[in-house]
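Trainee: The sequence shown: position 56 = 55 (numbering that gives the first Met the number 0), numbered continuously.
Just so you know, the hints here were simulated from the structure itself, not pulled from any lab data.
Treat the hints with care, as some may be off.
What the hints assert, rightly or not - Label-pair distances were calculated between CB atoms; the ranges are:
#1 Asp-80 with Gly-14: 27 to 37 angstroms
#2 Glu-64 with Ala-32: 10 to 20 angstroms
#3 Asp-71 with Ala-35: 17 to 27 angstroms
#4 Asp-80 with Glu-23: 18 to 28 angstroms
#5 Asp-80 with Gly-52: 26 to 36 angstroms
#6 Asp-80 with Ala-49: 30 to 40 angstroms
#7 Arg-77 with Pro-45: 12 to 22 angstroms
#8 Arg-6 with Asp-44: 11 to 21 angstroms
#9 Asp-80 with Asp-42: 31 to 41 angstroms
#10 Gln-48 with Asp-80: 16 to 26 angstroms
We put the CB at the ideal spot given by N, CA and C, even for glycine.
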Amino acid sequence: MTGDAPRLQLLTRAGCHLCAVAAETLDRLAAEAGLAVAEVDVDADPQLQAEYGDRVPVVLLDGREHSYFTVDVPRLRRDLDL
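All chains, full assembly: derive it from the sequences and hints.
Mentor: This is how it looks when you write it as structure tokens:
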């Protein structure tokens, strides 16, 4: 991930129902914070696929792993000053 990475990213893959649930939750929180969520398909990048494997969805905040499998809502709200 680069320094130009969006503030909130969701690492996901096609056909992942947990990813769909996480995307809905993250979109709602991002809207409260005035942010956009960038979804990244881990299967489109061999490095991400090797690093995260089946451990998706993963929420990245400022390029660092914040939570995985589910969105840690209380922690993310705190970290976004909501």
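Trainee: Run through the hints listed earlier and report the numbers of any the structure violates, in increasing order.
Mentor: Numbers 7 and 10, in rising order.
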